[in-house]
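Engineer: Residue numbers (the numbering used here), protein chains in the order written: chain A, 1 to 116; chain B, 1 to 114.
Just so you know, the hints here were simulated from the structure itself, not pulled from any lab data.
Heads up, the beta-carbon is just placed ideally off N, CA and C, and yes, glycines get one too.
Don't take every hint at face value.
Derived CB-CB ranges, DEER-like [as the list claims (entries may be wrong)]:
1) B:N28 with A:N62: 27 to 35 Å
2) B:T86 with A:R63: 45 to 53 Å
3) A:K103 with B:P75: 13 to 21 Å
4) B:P8 with A:A72: 28 to 36 Å
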Amino acid sequence: AQTVTQSQPEMSVQEAETVTLSCTYDTSESDYYLFWYKQPPSRQMILVIRQEAYKQQNATENRFSVNFQKAAKSFSLKISDSQLGDAAMYFCAYRSERSGTYKYIFGTGTRLKVLA
Amino acid sequence: NAGVTQTPKFQVLKTGQSMTLQCAQDMNHEYMSWYRQDPGMGLRLIHYSVGAGITDQGEVPNGYNVSRSTTEDFPLRLLSAAPSQTSVYFCASSLLAGHYNEQFFGPGTRLTVL
Numbered sequence: 001a002q003t004v005t006q007s008q009p010e011m012s013v014q015e016a017e018t019v020t021l022s023c024t025y026d027t028s029e030s031d032y033y034l035f036w037y038k039q040p041p042s043r044q045m046i047l048v049i050r051q052e053a054y055k056q057q058n059a060t061e062n063r064f065s066v067n068f069q070k071a072a073k074s075f076s077l078k079i080s081d082s083q084l085g086d087a088a089m090y091f092c093a094y095r096s097e098r099s100g101t102y103k104y105i106f107g108t109g110t111r112l113k114v115l116a
Numbered sequence: 001n002a003g004v005t006q007t008p009k010f011q012v013l014k015t016g017q018s019m020t021l022q023c024a025q026d027m028n029h030e031y032m033s034w035y036r037q038d039p040g041m042g043l044r045l046i047h048y049s050v051g052a053g054i055t056d057q058g059e060v061p062n063g064y065n066v067s068r069s070t071t072e073d074f075p076l077r078l079l080s081a082a083p084s085q086t087s088v089y090f091c092a093s094s095l096l097a098g099h100y101n102e103q104f105f106g107p108g109t110r111l112t113v114l
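Excised from the complex, chain B in its bound form (with noise of 0.2 Å):
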């Protein structure tokens, strides 16, 4: 039971430059989730999913789009990323409802873009 991954770790991009951010579940939880981390401002919510085929967006999605074709993938795509995307980017997911609700957190993925 490996919980959440992120892929890659570290990455550097120019400006304009488009990537994808990987992230990948095996604990069959229907909630998935992006946060970037900022200094001085937690976490924001980019985007959300609730199952395959399902996605929403959070509180900063501008800039970046997510696709969810199975319960265990949820890979964010910067489609021309900006200094301002800079962060560090942690991927979650939980169960939807019930107790045992917390969300578990992939290692992060820290951005520079130059």
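If we strip away everything but chain A, and leave its shape as in the complex, we get (with noise of 0.2 Å):
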């Protein structure tokens, strides 16, 4: 069975600095998807940025991109130019893309605090 870890319980940043958060996720399948959400304090859980694995490129969404080592099995995101809104929680989610198995597994959470 697939599995996705968060090892940071909790990470701070200062305001304008860049912080990476960790993510490494387990499984014997070739093609799927990698997705970041962020859920701020409202509760709304918003994609921050996705990436399919069958692309060696690191998808980037302005501040945000992602450090995608497949061997490894290592999907970190990076936010640069840290703003006090980016402080959340943030989950990291696999999702296969094999026929007929379509569960989203997510990590255990990060939160992030962003320090003026």
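Put the complex together from the two separate chains, hints included.
Structural biologist: So, in structure tokens, the structure goes:
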């Protein structure tokens, strides 16, 4: 069975600095998607970034980028120029693309604090 | 386009009571799912559905029932509430396949069982 591990329960970053959140996963499959979701205090889950496993190029969305290491099964999120609004829980998620398997698997989350 | 809607936002139940958490989406998504979120445990999948009439169990299905009679609706039923079911519940939907397959989440329901 696939698993997703986020080993950092909490991280802090100074405003305008860069922070990296870690995520590792375990799978025997070759086709899958990986996601980072943000959950601010409002509780609403918001997609931050998505990575297709077949793409070698790391995904980027403005200040957010990933370091996808398929062989190492690692999928870290880098937030540049951190802003107070980035403070939230961040969840890493995995989804298989194998036909008949549609479960999303989430990590336990990392709480990010942004210090002014 | 309302996205994914959930009702109620908050609910307090007594042990043994039953209730249904409602979930609806207007994006014609095949895939719908229910999660519970507990401190330190992330989101755990309760049940999911890949289309009308098709449901399956997730990681923590005990104590919960689901049905999917239409594409739009995916209610979650608690037959006899227990304090262990105190949690925040999220409904989510997505396309079944393809590039744009991220899940869209509802606003959540905070349930307290006394």
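Engineer: Hint by hint, note whether the structure agrees.
Structural biologist: Right, here's what the structure says about each hint:
| no. | hint | in the structure |
| --- | --- | --- |
| 1 | B:N28 with A:N62: 27 to 35 Å | holds, 29 Å |
| 2 | B:T86 with A:R63: 45 to 53 Å | violated, 36 Å |
| 3 | A:K103 with B:P75: 13 to 21 Å | holds, 20 Å |
| 4 | B:P8 with A:A72: 28 to 36 Å | violated, 44 Å |
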